[in-house]
Amino acid sequence: MPFLPSTRLMLFMLGSIGLITLPHAWHIPPVLFSFFTLLLLWRLLSIWQPRYLPNRFGVFLLMLLGIGLLYSQQHSVFGRDAGTSLFVVALGLKLLEIHGRRDVYVIVYLAFIVAVTQFLYEESILMALYILLVCGVLLATLITQNSHTPQTLAALKTSAAIILQSLPLALVLFVLFPRLEAPHWSWLDDDIHAKSGLSNTLEPGSIAELSLSPELVFRVKFDGELPPPAQRYWRGPIYASTDGVSWRAPPVLGRENNPDQPTFSDPSYAYTLMMEPQKQNWVFALEMPTEFGGGLRRNGLYQLITNKNPGDRAEYQISSSPSYNSGGISKTERKENLQLPGKPSDRVVELVKQLQGKQARPELFIGNLLQHFRQENFHYTLSPEAMPDKPIETFLFERRAGFCGHYATAFVYLLRVAEIPARVVGGYQGGQINEVGGFLEIRQADAHAWAEAWLEGRGWVRFDPTAAIAPERIERGVNVDLQIASGAVNFSPVQLDAKTLSWLQRGRQLWQSVDYNWQRWVINYDTVNQKAFLQSLGIDNFVKLGYWLVISVAGIGGVVAWRLLRPNRRRQDPALRLYRQFCAKFAKAGLSIEIGDGPQTVAERAKKLRPDLAEAIERITALYIRLRYQADSEAGDLQVLKKLVARFRV
Amino acid sequence: MDLALDHLLAAANQVILGKQSQIRLAVCCLLARGHLLIEDIPGVGKTTLSHTLARLFGLEYQRIQFTSDILPADIVGSSVFDAHQQLFSFHPGPIFKQMILADEINRATPKAQSALLEAMEERQVTVEGRTYPLPQPFFVIATQNPAHQIGTFPLPESQVDRFLMRVELGYPSRQAERELLSGQPRHVLIDELPAALLPAQLADLQQAADQVHVSPALLDYLQAILAFSRQSTDFASGLSPRAGLGLLAAAKAWALIDKRKAVLPEDLQAVLPAVAGHRLNVGANDSAAIVAPILKHVPVL
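So the protein sequences, as listed, match chains P and S.
If you use the UniProt record's numbering, the first sequence corresponds to residues 1 to 650, in order.
If you use the UniProt record's numbering, the second sequence corresponds to residues 1 to 301, in order.
Everything labelled a hint here was simulated from the structure, so no lab data went into it.
Every residue gets a Cβ at the ideal spot worked out from N, C-alpha and C, and that includes glycine.
Incorrect hints may appear among the rest.
Stated by the list, open to error - Some but not every residue of chain S turned toward chain P, in silico, with C-beta under 8 Å:
(1) His213
(2) Leu218
(3) Gln231
(4) Lys261
(5) Ala262
(6) Val263
(7) Leu264
(8) Pro265
(9) Glu266
(10) Gln269
(11) Leu295
(12) His297
(13) Val298
(14) Pro299
(15) Val300
(16) Leu301
Stated by the list, open to error - Pairs of lysine to aspartate or glutamate, EDC-like flavour, derived with a Cα cap of 20 Å:
(17) P:Lys353 <-> P:Glu363
(18) S:Lys261 <-> P:Asp637
(19) S:Lys296 <-> P:Glu594
(20) S:Lys261 <-> P:Glu618
(21) S:Lys111 <-> S:Glu157
(22) P:Lys642 <-> P:Glu615
(23) S:Lys97 <-> S:Asp191
(24) P:Lys358 <-> P:Glu456
(25) S:Lys259 <-> P:Glu618
(26) P:Lys279 <-> P:Glu123
(27) S:Lys261 <-> P:Asp632
(28) P:Lys308 <-> P:Glu123
(29) P:Lys643 <-> P:Glu618
(30) S:Lys97 <-> S:Glu118
(31) S:Lys259 <-> P:Glu604
(32) S:Lys261 <-> P:Glu634
(33) S:Lys296 <-> P:Glu604
(34) S:Lys111 <-> S:Asp161
(35) S:Lys259 <-> P:Asp632
With these hints in hand, go ahead and build the complete structure from the sequences.
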């Protein structure tokens, strides 16, 4: 007999599969996703028009097509993207051949696997909730498949109950079960979806592009006090060599063993820094990092580099001290940081001379230069005009309005002309305090560029020309909401009043705080964190861990089982329990008792099977009927029944 | 009293051969104060069964042959102008009898059908604003041809629901048919039948049926049956509360016929096809098959 799944079951199944695969639309190639969607719609249509279903040969052709598409898009079935695509295509194809219950199970289990693959792409709390919900629908499919009385709402309720019951167990397994970590190399093939951010090259206008992006870069939770806003410089890449327009990072090779290690003086700030997925393996530490945990190293440019996959969120323990002395400078380094893109023009040389470059002490010249920026009608703007040709000179002498990148590059350029080693530092400045979670959020909009000059006896010293022009940028940080709302930049036509804005801000802070804790406690719960946590519980070896696992799983299982079984036991009539024992004894002897059989029916059949026991059967049945159905049962009846059933042997 | 019931059943079995269970169900239906619907093809003894029951219960009875041109007034009666008194006076129709044999009820138009069915439910008749009570007890035994026969107006669900039971007769067995063929004509036998019950005895029996004990365990089973019929996709609509009450009353009467003082699950199971079959699926004929999933899936224990 051909298996015909009910319409309700099919709708349930196709609906949940559609929901499960939906987020993959952003992950797998559009061709493959369209192929899958087509198969799903085909199957959906066939619920009402079964004759449209392809036959065996048709399915075979579709399979070939699927393999072809898969190969053309992925060239492999290994790796995250290719493997996910394989599962999705297989799921779509399997939908077209449902010949029995078995196929429904295969599809549902395959759908569970596809649900799991979502977490290879996204680990946010929203995705976790979404997948949990969709798994509930999928479970309801299984329930519908197996129930006599399929009802949509009842099935959803049951699946919700099952999920709720299994959550404590999942929690215990999550905390206690040894964490498995995928080897690093396995993910490196796949592209990382961090979009914007600082890059290896800097052009004066490039940071301005970031200035409106509210995308989170990292979050910092300080163990003690926060450093004052003016000291919140998060150090990123160094830009030292320039062709006059763009600035590049110097080669880092050979700098690892800088003979002059920086020396630090108090105070130092200890903090936990959580990086969002990035393209580069840079970690933006507060200047200047003194101590840092495993997985990090400080290169010769005092930038922290992680050896973890930058595409994953990661948490680092770092200490920084704002007062430091980097010591001496090597010949190569000096040469590198005095490099100029050709001979400076006359008016540049004139300007440097005017500001007492080369003649006075470097500190004096720098002071004069900053004074020049302050006094000579320079402006700070978020939307500077493009200066494609000779940007530094155009900025210095004509436009006089720019973003931090313009100031930093012009500053460094002039210092180099004055033969002071200088370089541009990229990174982030400031950050917004999340009042709910008590941590600092640093967004792309906080991207900043400042300068560093090497001074005799002091080492590399930070100078921020932007602070000279727009001190409020440094003191208060960038407020993206305000910038958008004030209309300084035409970004969104919606006019937001201050009240709405603060509500939005509070809501966003709350959400960020939830997200931060999710990242910290769930996503970042890796082998190291687990070990530390378990040790704090006193679990230091696998035997103890095993005991804990068994005890907690058994404990939770016991509680759930007790809750599930208890009401039944309480409701059960003692007479019924005795009668069930009697039935069980007979069932062992080969009497088939259906659930729809009444006591008299059972007795008749039992007597036919064992005429020799007829008397006992009749007595037990009569007593049971009297106890359970009649009004005239006597006090001793239950005891008699108990004795009879106990003595009864088949 | 019990003997009278035994005698009644035995006498009925003498007239209608080989249909013990149907006769028992029909008696059970009357003891439960319900109306009875007998459905089968013409000629298998529907009318004979109803005549026999009427005779044996000792009730004054009237047969109404339903035809396609019968009018409500032909059933309930009408007001006629009395020239002497210069007044309209009501002439009661054939329905004012204790037992009505409504033959081939589905041959009549819905209008005529509903006149009878209203009377069945209300146990009174309203004509031109005046209400006339029907005699006590009041039974309707209706016979109907299967819906697929030509010239029938099938009763809608709402009206079929007013009958406590629907019984199918079916062809007699070979042996029963032989006896029928070789015996006396049935109408002669019926005419000779003495009443097996006095009117007071019938009332007593009905009261005794009411007092049969129903335990909470049995109500659990009954409610499980009702719940199953409402949840299962096998049925378009589940059993109504009225069906539940009917089921319980019929099971009580069945236990009484079995001379028991308490209702057992088996009693419910015995009356379930007749009580629930026509409510769960009006069109189908095989009541036993309709209720089979209920008996199979609802646990008794």
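Structure-based check of each hint:
no.	hint	in the structure
1	His213	holds, 4 Å
2	Leu218	holds, 6 Å
3	Gln231	holds, 4 Å
4	Lys261	holds, 6 Å
5	Ala262	holds, 4 Å
6	Val263	holds, 7 Å
7	Leu264	holds, 6 Å
8	Pro265	holds, 4 Å
9	Glu266	holds, 4 Å
10	Gln269	holds, 6 Å
11	Leu295	holds, 5 Å
12	His297	holds, 6 Å
13	Val298	holds, 6 Å
14	Pro299	holds, 4 Å
15	Val300	holds, 5 Å
16	Leu301	holds, 6 Å
17	P:Lys353 <-> P:Glu363	holds, 15 Å
18	S:Lys261 <-> P:Asp637	holds, 17 Å
19	S:Lys296 <-> P:Glu594	holds, 7 Å
20	S:Lys261 <-> P:Glu618	holds, 18 Å
21	S:Lys111 <-> S:Glu157	holds, 15 Å
22	P:Lys642 <-> P:Glu615	holds, 16 Å
23	S:Lys97 <-> S:Asp191	holds, 19 Å
24	P:Lys358 <-> P:Glu456	holds, 14 Å
25	S:Lys259 <-> P:Glu618	holds, 17 Å
26	P:Lys279 <-> P:Glu123	holds, 17 Å
27	S:Lys261 <-> P:Asp632	holds, 9 Å
28	P:Lys308 <-> P:Glu123	holds, 17 Å
29	P:Lys643 <-> P:Glu618	holds, 15 Å
30	S:Lys97 <-> S:Glu118	holds, 15 Å
31	S:Lys259 <-> P:Glu604	holds, 18 Å
32	S:Lys261 <-> P:Glu634	holds, 15 Å
33	S:Lys296 <-> P:Glu604	holds, 18 Å
34	S:Lys111 <-> S:Asp161	holds, 17 Å
35	S:Lys259 <-> P:Asp632	holds, 15 Å
Comparing the model with each numbered hint stated earlier shows that all of them hold.
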